[in-house]
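*Asks:* Letter by letter, the chains look like this.
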Amino acid sequence: MPTTPSNPLAVIAELTHRCPLHCVYCSNPLELANRSSELSIEIWSRVFREASALGVLQADFTGGEPLARTDIIDLIRAARAAGLYVNLITSGLPLDEAKLASLAEAGLDHLQLSFQGAQEDVAQEISGTKSHAQKLRVLGWLKNFRVAVTLNFVIHRRNIGQIPEMLAIAESSSATRIEFANVQYYGWAFANRENLLPTREQLDRSLELIKQAQERRKGKIRIESVVPDYYAKFPKPCMGGWGRKLILITPSGDALPCHAAQVIPGLKFGNVKSRSLREIWENSDAFQKFRGEEWMQEPCRSCDRREQDFGGCRCQALLLAGDAAATDPVCSLSPLRPKVDAILASVNAVPLVGAQHAPPHLGTISTISSESPSSQHSNWLYRPNPA
Amino acid sequence: MTLDLNSVPRLAPGCRLGENNKQQVLLMPERALRLNGPSLEIVQRCDGAHTVQEVVSDLQKLYSKADPQKVESDILGYLSLLHEQRALDFESSKQL
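Respectively, the protein sequence lines represent chains U and Y.
According to this note's numbering, the first sequence holds residues 1 to 387 in order.
According to this note's numbering, the second sequence holds residues 1 to 96 in order.
You can trust all of the hints, since none of them are fake.
In the DSS-like style, the derived pairs of lysine-lysine whose C-alpha atoms are separated by at most 27 Å in a straight line are:
1) U:Lys-99 <-> U:Lys-130
2) U:Lys-211 <-> U:Lys-236
3) Y:Lys-22 <-> U:Lys-245
4) U:Lys-233 <-> U:Lys-211
5) U:Lys-339 <-> U:Lys-233
6) U:Lys-218 <-> Y:Lys-70
Simulated restraints on C-beta separations:
7) U:Ser-276 <-> Y:Leu-33: 23 to 33 Å
8) U:Ala-168 <-> Y:Asn-36: 35 to 45 Å
9) U:Leu-136 <-> Y:Glu-84: 25 to 35 Å
10) U:Ala-342 <-> Y:Leu-76: 49 to 59 Å
11) Y:Leu-33 <-> U:Arg-146: 17 to 27 Å
12) U:Lys-273 <-> Y:Asp-4: 48 to 58 Å
13) U:Glu-31 <-> Y:Leu-3: 47 to 57 Å
14) Y:Gln-69 <-> U:Thr-70: 51 to 61 Å
Hints are computed from structural coordinates only; laboratory data are not their basis.
All values derive from a computational prediction rather than experimental measurement.
C-beta atoms are modelled at their ideal positions from N, C-alpha and C, and glycine is treated no differently.
Excised from the complex, chain U in its bound form (with noise of 0.2 Å):
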């Protein structure tokens, strides 16, 4: 069935795999992408204008951390010009208050801070890094530009208990929105799941948190909070349907339609480089693979809810079930969700002091680790820093 697929409505332009961090549930793939195989600028800005010929709204620049790029202010000025919104999401670390300015005078519209924790302690365990301080720095400065804020935090076993002080700096800071988003478990996180799945008990008490002040800072900030889906009933309507509204570019330009998609064996993707944007939306095989409903299996197949959620996400089937176009395993109509129960029940039935002593499952990848920042934290499974 040749499905018309609708407009794209964002571009998610990792720009590079290179960052100052190293955390333990980075979405990056485990193999990374090196500078030599970066995308110019020129390639960039075509992708730019491609994509709102497209009906593009957005341009969100992410990474690995998008400010490694040295032509960072022209690629803003760039998607600019091609009538982008422009989201950076960074972890602040190389910038000054200088390059801030430069930055928004370049026309930057909106900027996401990423926190991997309310402390230092922590943020560091997480991310291989002392960074913690440099973000509350950042933060600072950001009152004195026009530029949207919103403040990132990953939530995990090892931070869920820190919401009201993650709260409190988001109060005082300048940011009119608030991303409570549970690690989702691909990549590296999925390699580190062990140790970063919260308790039930402990979700469920976040939860409360974040309404109470959901409904406390109504009209002052904008909090957004994303489960772990492994605790949910239904899966999630990932990437709002497999080529349906986002699009996102690798650093070396193969164009994805999910973050996670090269786990998914025998998916051929479009790379800019050699074909335009509408080309690879409209008729690749990587995007036209899950489109529509022919794909699916049962339970999906019959479900009422096959147009709410799409199936789940075909990475998380692959992972779980060993099959992308089976029914997401965390779904509880899944015959697989025993599995997921499994998990689980394993992690609630660990005593929380003893968590950061259990050997994460590292499977036949620990070797990258070797290159992963000297810790004391070694039960971690480090992102490194590519090339």
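We have chain U; now place chain Y onto it with these hints.
*Replies:* Chain Y alone, transformed into the frame defined by chain U:
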């Protein structure tokens, strides 16, 4: 500052008008709002230079066939919705 007829609405940082395929939109963090007719007329006036009263008067003239009371209450409702979405700040008219 809260919403009343003397307050001055201004789009919040990171919120601005944009256009794509001839469709006017209000761009904001992680979302976009399609603007048509009256909503576009309202948002174009949220520039830090018009009081809510002035926006109301302008639109009552533009939509002179509509009930003026209804125009006012619709505008107040729309502005408070944009404020709740953090797309709009209200400044005191004394700052002008």
